[in-house]
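Below are the chains, spelled out letter by letter.
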Amino acid sequence: MGLELVYFAWVRERIGHGSETVHPPADVVTVAGLIDWLAAGSAVHAAAFIDRTRLRAAVDQTFVGLDASVIGAREVAIFPPVTGG
Amino acid sequence: MGLELVYFAWVRERIGHGSETVHPPADVVTVAGLIDWLAAGSAVHAAAFIDRTRLRAAVDQTFVGLDASVIGAREVAIFPPVTGG
Amino acid sequence: MITVGAAPIDAGIECAAISATGAGGIATFVGLVRADDGVATLELEHYPGATEAALAMLAARAVERWGLIDARITHRVGVMVPGDIVVFVGTAAAHRAAALEACAFLIDRLKTDAPFWKKETRGDDASWVEPRGSDDAAAARWSH
Amino acid sequence: MITVGAAPIDAGIECAAISATGAGGIATFVGLVRADDGVATLELEHYPGATEAALAMLAARAVERWGLIDARITHRVGVMVPGDIVVFVGTAAAHRAAALEACAFLIDRLKTDAPFWKKETRGDDASWVEPRGSDDAAAARWSH
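Chains as they are written, first to last, in my numbering: chain F, 13 to 97; chain L, 13 to 97; chain W, 5 to 148; chain E, 5 to 148.
Calculated directly from the structure, the hints in this document are not laboratory data. Think of the CB as a built atom: it goes at the ideal place given N, C-alpha and C, for glycine as much as any other residue. Check the hints yourself; a few may be wrong.
Claimed, not checked - Sample of chain F residues lacking proximity to chain E, with all beta carbon distances greater than 10 Å (derived): (1) E16; (2) L17; (3) I27; (4) P37; (5) V41; (6) T42; (7) A44; (8) G45; (9) A52; (10) A58; (11) A59; (12) I62; (13) L67; (14) G84; (15) A85; (16) R86.
Said to hold, decoys possible - Rough simulated footprint, nothing fancy, chain L against chain W, three-plus residues with beta-carbon under 8 Å: (17) 52-61; (18) 78-92; (19) 110-123; (20) 130-136.
Excised from the complex, chain F in its bound form (with noise of 0.2 Å):
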């Protein structure tokens, strides 16, 4: 089973699509080792990812710092600080 990635607002713009399913390495254990990863891997998502103090992140819908963990998480959503409603 594949975790579903989400992303928002010009991290979504500049990665082309709003959702992916991926399958991490075991030793992908947080949202910035997961960013490390996808960087990694891609000329498009390191572009995306590229000022890391710029993304904020969410696991299974909550909220969190970009180093909580993501193991067992099923989605891990990555975006720019929000801009309230």
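Once you've looked at the hints, dock chains L, W and E against the given chain F.
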């Protein structure tokens, strides 16, 4: 030409009507003087006006103190403190 | 717009009217008759002409102080029952803080300074409401 | 009630709905798209499911903190033009101070914490909005 008096709330209820036209003598020059003159001429008015600290007034629709002038006024309103909307 | 009358107030119509100004932020307050303490009816009396003028002056002060695009006060008078809308206040401003503050200002002032008199009935008892200290305190915070 | 969707928001319908709670005081805020700085369109993106959950949590906090009878948030997403309603917030409480404060709290928080992303177009230029310090300051006053 007479002076129009208007009453509100319990002042109106105690006097028994909402308005009346009176012709005060020339030495009635303030709202307080008007109240004294009305009370002197009628037991009903005297009862309604018994506690002057609970009376408020307007002269020609402008809210004033009881020491305000009624010289040249066309309408004087006498009522309890307002309780707001 | 200032309206004082005996007709029932429709919150939806009022809110739509102030929102139609197209300002960035619209704040509204709707006050209803509460059934507290067993109140059966609330009767509001006003001073025709003078009350409207007082509300217009209050609205003009809010418009000036907060740079409002519009202010709307609709006030009911006569006999009401719990659940009826007594008053609607709406403010329109470019930014939300101005609209929200001006709306709070207007309702606080309305509850103290406005020339209305309230009579409550509870069962067979009818009594005129006395001015409340807590309302004066709420209004006083706007005086600085 | 929490609603997030692409359908236009009707201020009258929203205001009537929260007023129907019959609480003593109803406060509402309606936020519209402003035409400031020549904005032609505003596009709002949200995180389906997570955004609704975040708004529901925010509303629940306001209900608890101010003892509200009800709180209502209706938020539009998708492409909007100046004059369109972006958000409606309504609060219902027994007394006006609680309703007014809770309404201001909700809109301040919505403007900062809520999981929405804004994109503005001006002429041929489209840009994602950056978080604003003034909104953070408005939200921070509720943290004490």
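For each hint, the structure was consulted:
1. Consistency note on E16 of chain F: stated as away from chain E, and its beta-carbon is indeed over 10 Å from all of that chain's, at 12 Å minimum.
2. Separation of L17 of chain F from chain E is adequate, the least Cβ-Cβ distance of about 13 Å exceeding the 10 Å criterion.
3. Every CB of chain E is more than 10 Å from the CB of I27 of chain F (nearest about 14 Å), matching its label as outside the interface.
4. The beta carbon of P37 of chain F is kept farther than 10 Å from every beta carbon of chain E, the shortest such distance being approximately 27 Å.
5. The beta carbon of V41 of chain F sits about 22 Å from the closest Cβ of chain E, which is more than 10 Å, so the claim that it is off the interface holds.
6. Under the 10 Å C-beta cut-off, the non-interface status given to T42 of chain F relative to chain E holds; the minimum distance is some 19 Å.
7. Distance to chain E confirms A44 of chain F as a non-interface residue, since its nearest Cβ pair spans about 20 Å, more than 10 Å.
8. With 10 Å as the threshold on Cβ separation, the claim that G45 of chain F sits away from chain E holds: the shortest Cβ distance comes to roughly 22 Å.
9. Every Cβ of chain E is farther than 10 Å from the Cβ of A52 of chain F; the closest lies at roughly 26 Å, confirming the non-interface assignment.
10. Once the 10 Å rule is applied to beta carbons, A58 of chain F is consistent with being away from chain E; the minimum gap is 20 Å.
11. Annotated as non-interface, A59 of chain F keeps its C-beta farther than 10 Å from every C-beta of chain E; the closest such distance is 16 Å.
12. Non-interface status of I62 of chain F relative to chain E is upheld: no Cβ of that chain comes within 10 Å, the nearest being about 15 Å off.
13. Its beta-carbon lying about 13 Å from the closest one in chain E, L67 of chain F satisfies the requirement of being farther than 10 Å from that chain.
14. Annotated as non-interface, G84 of chain F keeps its C-beta farther than 10 Å from every C-beta of chain E; the closest such distance is 18 Å.
15. With a cut of 10 Å on Cβ distances, A85 of chain F stays outside the contact zone with chain E, its closest approach being about 14 Å.
16. With a closest Cβ-Cβ approach of about 12 Å to chain E, R86 of chain F is found to remain outside the 10 Å limit, as its non-interface label requires.
17. For the stretch 52-61 of chain W, the proposed coverage by chain L is satisfied: 4 residues have a C-beta within less than 8 Å of a C-beta in that chain, meeting the threshold of three.
18. Judged by the Cβ-Cβ criterion of 8 Å, the stretch 78-92 of chain W is covered by chain L as claimed, because 3 of its residues qualify and three suffice.
19. A count of 10 residues in the stretch 110-123 of chain W with a Cβ less than 8 Å from any Cβ of chain L is obtained; the coverage claim is therefore met, three being the minimum.
20. Residues of the stretch 130-136 of chain W with a Cβ under 8 Å from some Cβ of chain L number 5, which satisfies the need for three, so the listed coverage holds.
Hint violations for this structure: none, all hints satisfied.
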